[in-house]
Every structure is written in structure tokens, then in C-alpha cells.
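Trainee: Single-letter residue listing:
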Amino acid sequence: MADKAKGRWLVLAIPYLWLFALFLVPFLIVFKISLSQDAIAQPPYVPTFDLAAGWEAFKENFAELSFENYGYVLSWDNDFIEAYGSSLWIAGVSTVLLLMVGYPIAYAMARAPKSIRPTLLMLVILPFWTSFLIRVYAWIGILSPEGLLNQFLFGLGVIDQPLQILATDTAVYIGIVYSYLPFMILPLYSALEKMDETLLEAAADLGCPPFAAFWKITWPLSLPGVFAGCLLCFIPAVGEFVIPDLLGGSDTLMIGKVLWTEFAVNRSWTVSSAVAVLLLMVLVIPIVFYQNVQAREMEKR
Amino acid sequence: MRKGLSWFNVTSIVLGFTFLYLPILLLVIYSFNASRMVTVWAGFSTHWYVQLFQNQQLLDAAWVTLRVAFITASVATVLGTLGAIALTRYGRFYGRTLFSGMIYAPLVMPEVITGLSLLLLFVAVDIDRGFWTITLAHITFTMCFVSVVVQSRLVTFDRSLEEAALDLGCTPFKTFFVITLPIILPAVVSGWMLAFTLSLDDLVIASFTTGPGATTLPMRIYSQVRLGVTPEINAACTILIAIVTVVVIVASVMTKRQEMERQKAERLAAAG
Numbered sequence: 001m002a003d004k005a006k007g008r009w010l011v012l013a014i015p016y017l018w019l020f021a022l023f024l025v026p027f028l029i030v031f032k033i034s035l036s037q038d039a040i041a042q043p044p045y046v047p048t049f050d051l052a053a054g055w056e057a058f059k060e061n062f063a064e065l066s067f068e069n070y071g072y073v074l075s076w077d078n079d080f081i082e083a084y085g086s087s088l089w090i091a092g093v094s095t096v097l098l099l100m101v102g103y104p105i106a107y108a109m110a111r112a113p114k115s116i117r118p119t120l121l122m123l124v125i126l127p128f129w130t131s132f133l134i135r136v137y138a139w140i141g142i143l144s145p146e147g148l149l150n151q152f153l154f155g156l157g158v159i160d161q162p163l164q165i166l167a168t169d170t171a172v173y174i175g176i177v178y179s180y181l182p183f184m185i186l187p188l189y190s191a192l193e194k195m196d197e198t199l200l201e202a203a204a205d206l207g208c209p210p211f212a213a214f215w216k217i218t219w220p221l222s223l224p225g226v227f228a229g230c231l232l233c234f235i236p237a238v239g240e241f242v243i244p245d246l247l248g249g250s251d252t253l254m255i256g257k258v259l260w261t262e263f264a265v266n267r268s269w270t271v272s273s274a275v276a277v278l279l280l281m282v283l284v285i286p287i288v289f290y291q292n293v294q295a296r297e298m299e300k301r
Numbered sequence: 001m002r003k004g005l006s007w008f009n010v011t012s013i014v015l016g017f018t019f020l021y022l023p024i025l026l027l028v029i030y031s032f033n034a035s036r037m038v039t040v041w042a043g044f045s046t047h048w049y050v051q052l053f054q055n056q057q058l059l060d061a062a063w064v065t066l067r068v069a070f071i072t073a074s075v076a077t078v079l080g081t082l083g084a085i086a087l088t089r090y091g092r093f094y095g096r097t098l099f100s101g102m103i104y105a106p107l108v109m110p111e112v113i114t115g116l117s118l119l120l121l122f123v124a125v126d127i128d129r130g131f132w133t134i135t136l137a138h139i140t141f142t143m144c145f146v147s148v149v150v151q152s153r154l155v156t157f158d159r160s161l162e163e164a165a166l167d168l169g170c171t172p173f174k175t176f177f178v179i180t181l182p183i184i185l186p187a188v189v190s191g192w193m194l195a196f197t198l199s200l201d202d203l204v205i206a207s208f209t210t211g212p213g214a215t216t217l218p219m220r221i222y223s224q225v226r227l228g229v230t231p232e233i234n235a236a237c238t239i240l241i242a243i244v245t246v247v248v249i250v251a252s253v254m255t256k257r258q259e260m261e262r263q264k265a266e267r268l269a270a271a272g
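Chains U and S, in that order, give the protein sequences.
If you read the first sequence in full-length UniProt numbering, its first letter stands for residue 1, the second for the next number, and so on.
If you read the second sequence in full-length UniProt numbering, its first letter stands for residue 1, the second for the next number, and so on.
Hints listed in this document are in silico derivations from the structure and should not be mistaken for laboratory results.
None of these values were measured; they are calculated from a predicted model.
Beta carbons: idealized from backbone N, C-alpha and C, even for Gly.
Among these hints, one or two may not hold up.
Said to hold, decoys possible - Think about it this way: if two alpha-carbon atoms lie no more than 30 Å apart in a straight line, the pair counts; the simulated DSSO-like pairs of lysine-lysine are: (1) S:264 / U:194; (2) U:194 / S:174; (3) U:194 / U:114; (4) S:264 / U:114.
As the list claims (entries may be wrong) - Covered stretches of chain U (in silico footprint by chain S; criterion: 3 or more residues with CB under 8 Å from a CB of chain S, positions within the stretch not fixed): (5) 28-36; (6) 78-84; (7) 104-110; (8) 140-149; (9) 211-223.
As the list claims (entries may be wrong) - Partial selection, computed: residues in chain S whose CB lies under 7 Å from chain U: (10) 12; (11) 13; (12) 14; (13) 20; (14) 45; (15) 85; (16) 120; (17) 121; (18) 125; (19) 140; (20) 197; (21) 239; (22) 243; (23) 246.
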């Protein structure tokens with residue numbers, strides 16, 4: 001019996017400790033560094049805590065921590081607030097676009113004959129398995145001024161000078177919608193597929209036109225899928241780095257890119273930590289919400 | 001459903017799948033372009049593939065990436081499966097909320113935050129950054145995906161099989177390997193594949209946690225892409241796409257066949 005308990009304990013302890021050491025502790029370190037000051041040293045911030053130096057030194061170091069970096073990030077003179085705002089805006093618009101594009105597809109998939117549904121499902125998942133970077137990269141060749149889209153439109157005679165799409169926010173929207181589409185379709189599909197079709201038949205029998213039946217029955221029943229899909233797209237889109245960097249222009253302001261620049265170009269570890277902590281605080285509400293939805297789904301089963 | 005597909009449904013599916021596949025298809029087609037100009041078609045050629053296999057930097061990066069992905073997927077599958085078992089079988093335990101939070105949060109965490117926080121950890125404990133730090137970072141975020149995949153299989157399976165084995169005196173350890181693991185194996189395998197492709201694909205976390213000497217394929221591709229589209233990269237991407245497509249199709253055919261055999265066996269058992 002003792003052995004059994006030990007085995008049970010190990011099954012839990014190994015992943016628990018792993019995530020604790022490599023997921024939770026790093027966040028605490030980020031938080032601590034966000035309260036430190038930049039320094040020309042290795043590592044490039046002060047204070048560093050040295051437990052061997054004793055309690056007095058610890059207290060002294062502790063007093064050096066300050067919220068100065070947060071003041072810097074949250075001041076209107078710097079572009080950070082604007083970057084947070086524009087990231088939320090870009091992610092929000094993209095999520096709405098994703099819903100508008102993904103819903104009809106998920107709906108049609110759920111109505112398709114049962115025999116072809118698994119194939120359709122696999123076709124939605126397959127691009128997800130191919131590299132994210134490749135999928136974003138593919139759009140550069142399409143959207144660039146001498147790219148395939150412009151050539152195509154030239155050929156049709158629709159335009160007489162190339163459209164500038166690459167390096168604008170439009171390209172970022174296209175990139176996000178394209179890359180995240182499977183994340184939107186899958187939860188929508190699983191919500192719509194479970195729906196009882198006799199409800200729609202009943203509505204039709206009682207003289208409800210199809211469009212009204214959709215709004216009164218299908219849409220409310222698909223709401224859990226809508227929530228899940230929107231959150232799955234919105235949260236990572238806010239912190240997106242690769243898409244605005246490759247498809248967006250120099251004036252596309254997104255916080256993921258700002259954090260990277262602050263870290264890799266300006267080499268300010270303390271400010272980038274503060275940016276990360278604030279980003280996390282912005283995202284914590286949807287993340288907690290998502291986690292609750294997930295946990296409830298799991299328990300329902 | 002009611003009257004099958006309407007024209008609207010068919011249009012959405014056709015347009016949706018065109019949108020999903022056209023960019024990838026164009027990329028593949030243009031990787032066989034003879035011209036250096038990416039947008040001008042100058043006839044079929046495998047020139048860029050030959051060029052690709054002479055590019056030692058890209059080949060080295062690909063080798064690093066494959067090793068990282070293989071180790072990552074294998075360790076993450078073990079850790080993720082353990083996590084899934086703890087979450088589905090242990091009921092309420094002390095610190096459960098924190099544990100499930102740590103499993104779900106990385107799924108939606110922006111990569112820049114995960115990458116930055118892991119880098120700062122590696123600096124704080126002062127280990128040499130490179131191959132192993134990338135691997136540790138990848139294991140951490142992919143194990144959560146494995147956990148979710150395995151969990152969804154664990155909750156739907158019939159626990160009486162495990163209980164029967166335990167009642168008959170089988171040790172929990174042996175029960176897991178004889179009963180539980182074979183049943184959840186498809187989920188464990190797809191967890192492994194998911195972890196493998198996520199690791200293969202990751203740019204941001206690898207860029208943060210790498211050190212001198214360890215450059216992964218996405219990092220190499222990225223630095224070349226920033227200089228402009230090149231047919232060589234198109235060729236590299238096409239090879240990656242081909243590998244992934246073949247693996248996914250083979251895997252899905254295999255699970256389908258397994259499923260059919262299982263159903264056949266069940267029918268036979270019911271008839272007998």
C-alpha cells in the first residue's frame with residue numbers, strides 16, 4: 001500500500017515540479033527583474049540577490065526594487081500604451097473577421113453528410129500541422145507589390161498600378177485570419193455538430209423562416225463554440241510577433257514586436273520584463289475565463 | 001442534416017478550403033520555378049532543390065531542429081501523459097487548481113512571454129545556452145498540449161477495465177502498461193506528433209532560449225525570409241510540407257484501420 005501511494009505521488013510530482021520550475025518560477029523571475037534597474041553588468045540588471053551574502057545584504061537589495069519601469073512603460077510619452085491598444089484592436093478586429101469567415105465553413109461542415117465529415121475535418125487540421133512560419137511566409141509572395149495577387153489583378157485589368165498590401169495592417173489581418181482559422185473552425189464545428197437538428201425541423205414546421213430559425217436556435221446553441229473559438233484566437237493574437245514582423249509595416253505597432261525590440265535591440269531586460277508583466281495582466285482576464293471554460297468542459301464529460 | 005447542403009454551404013466550404021490551401025499550393029508550385037524572380041514563371045526546374053542540398057548552413061540547422069524535436073516530443077509525451085493521468089484520475093488534490101492552471105495557461109500564453117521568462121531563468125541559474133536550453137523550453141510548452149490531447153482520451157474510457165485488473169491483483173504499475181496504455185495509445189501517439197511538429201515549427205521561443213552554435217531551421221528560414229523571398233526557401237518549405245503531409249495521412253489511415261479492426265472484433269465478440 002505504501003508503494004502504491006508512492007507511485008501515485010510520483011505520477012503527480014514529476015509533471016508538477018517540472019511546470020513549477022520551468023513555468024511558474026520563470027514568471028516570478030520576470031516579475032522580479034521588472035522591478036530592477038538596468039546595469040552594465042552580467043546579468044545586465046541590479047540588484048541581484050545573493051543568498052550567501054546574508055540577511056542584511058538581502059534587505060538592502062530588496063529596498064532597491066522599484067516600480068520605476070512600470071512608470072516608464074505606462075507614461076504617455078513612450079509608445080507602449082499605444083502598442084497595447086493597437087495590439088488589442090488588431091486582435092479584436094481579426095477575431096471578428098475570423099468568426100465571420102470561420103462560422104459559415106464550420107456550419108457547412110456540420111451539415112455535410114456524415115461520411116465526408118472526417119475528411120473535411122482532416123482538411124481543416126492539416127494546414128495546422130504545416131509550419132506556421134511557412135504559412136505566413138507564403139503570403140509575402142502573394143501580397144508583395146510584384147506579387148501574385150497584383151499580377152492576377154493586372155491580368156484581369158482591374159488595377160493599373162500595384163496595390164500596396166504587404167507592410168500594412170491589412171496584411172497583418174490577412175495573416176492572422178489565415179493562420180488562426182483552424183482554431184476558430186474546430187470549436188465552432190464541435191458545437192454545431194452536436195446540435196439536435198429536430199429543433200430546426202420543429203421551427204420550420206411551426207412556420208419559422210430559416211433565417212429567423214438560425215438566430216433563435218442555431219446561434220444561441222453554438223455560443224460555447226463561439227466563445228472558445230474567439231478566445232483561442234484573440235489571446236495569442238494579442239501577443240503575436242511573427243505575423244506583424246513579416247507582413248506588417250514599420251508603423252504596425254504590436255506589443256509582441258515592441259517587447260522583442262526592447263529586449264533584442266535596446267537590450268533593456270528590465271523594461272521588456274515590465275512590458276511582459278503588463279501584457280500578462282491585460283491577458284489574465286481572458287486566460288482565466290478560458291481556463292474556467294476548459295475545466296468545466298472537462299468536468300462535464 | 002435536414003436537406004443536405006445548400007448552395008451557400010457548398011460555396012463556403014469551397015471558398016474556405018481554397019483560402020486555406022491556395023497559398024501553400026502556390027508556394028509548392030513556385031519552388032519548381034526556374035527563374036530567380038519569385039513571381040515570374042520561367043519553366044519547370046529542380047535547380048533550387050539541388051542548391052538547397054548544397055547549403056550547409058540550412059542542413060546543419062535542419063539537423064539541430066530534428067534532434068531538438070525528437071527529444072522534446074519523447075520527453076513531453078511522458079510528462080504530458082503523467083500530467084493527464086493526475087488531472088483525470090486523482091480527483092481533488094492539494095494544489096489542483098494551480099496544476100491545471102499551469103497545464104492550460106501555456107496553451108494560450110504569448111510566445112514572447114514564455115520565451116523571455118525561460119531565458120531569464122536560464123540566465124539566473126547560469127547554464128550555458130544552446131541546444132539543451134531550447135530543448136528544455138520546448139518540452140515545457142509542448143507537454144501541456146500532449147496533456148490536453150491524452151486527457152480527452154482518458155476521460156472517455158471505461159475505467160472498469162482498470163478496476164478489474166486491479167481487483168485481480170495486478171499492480172497499478174503493470175495495469176497501466178497492460179491495460180491503460182494500449183487503450184490510450186492513439187492519443188499518446190498523436191500527442192507525440194503534435195509535440196514534434198510544434199517543436200519543429202517554433203521560432204520565437206527558440207530565438208529567446210538559444211545560445212551560440214545552436215540555430216534551428218525556423219530561425220535560419222526567418223533570417224533569410226527577412227531579406228526577401230528566395231526560391232531556395234520555397235524548396236525547403238515544400239520538403240517540410242511534403243514530410244508533414246505524408247506523416248499525417250499515414251497516421252490517420254493507420255488509426256482508421258485500427259478503429260475498424262476494433263469494431264470488427266467487438267462485433268465478433270458480441271456475436272459469439
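Trainee: Take the hints in turn and mark each one as holding or not.
Mentor: Evaluated hints:
no. : hint          : verdict
1   : S:264 / U:194 : 26 Å, holds
2   : U:194 / S:174 : 37 Å, violated
3   : U:194 / U:114 : 12 Å, holds
4   : S:264 / U:114 : 20 Å, holds
5   : 28-36         : holds (count 3)
6   : 78-84         : violated (count 0)
7   : 104-110       : holds (count 6)
8   : 140-149       : holds (count 7)
9   : 211-223       : violated (count 0)
10  : 12            : 4 Å, holds
11  : 13            : 5 Å, holds
12  : 14            : 9 Å, violated
13  : 20            : 5 Å, holds
14  : 45            : 17 Å, violated
15  : 85            : 6 Å, holds
16  : 120           : 5 Å, holds
17  : 121           : 4 Å, holds
18  : 125           : 9 Å, violated
19  : 140           : 4 Å, holds
20  : 197           : 5 Å, holds
21  : 239           : 11 Å, violated
22  : 243           : 10 Å, violated
23  : 246           : 11 Å, violated
Comparing the model with each numbered hint stated earlier shows that hints 2, 6, 9, 12, 14, 18, 21, 22, 23 do not hold.
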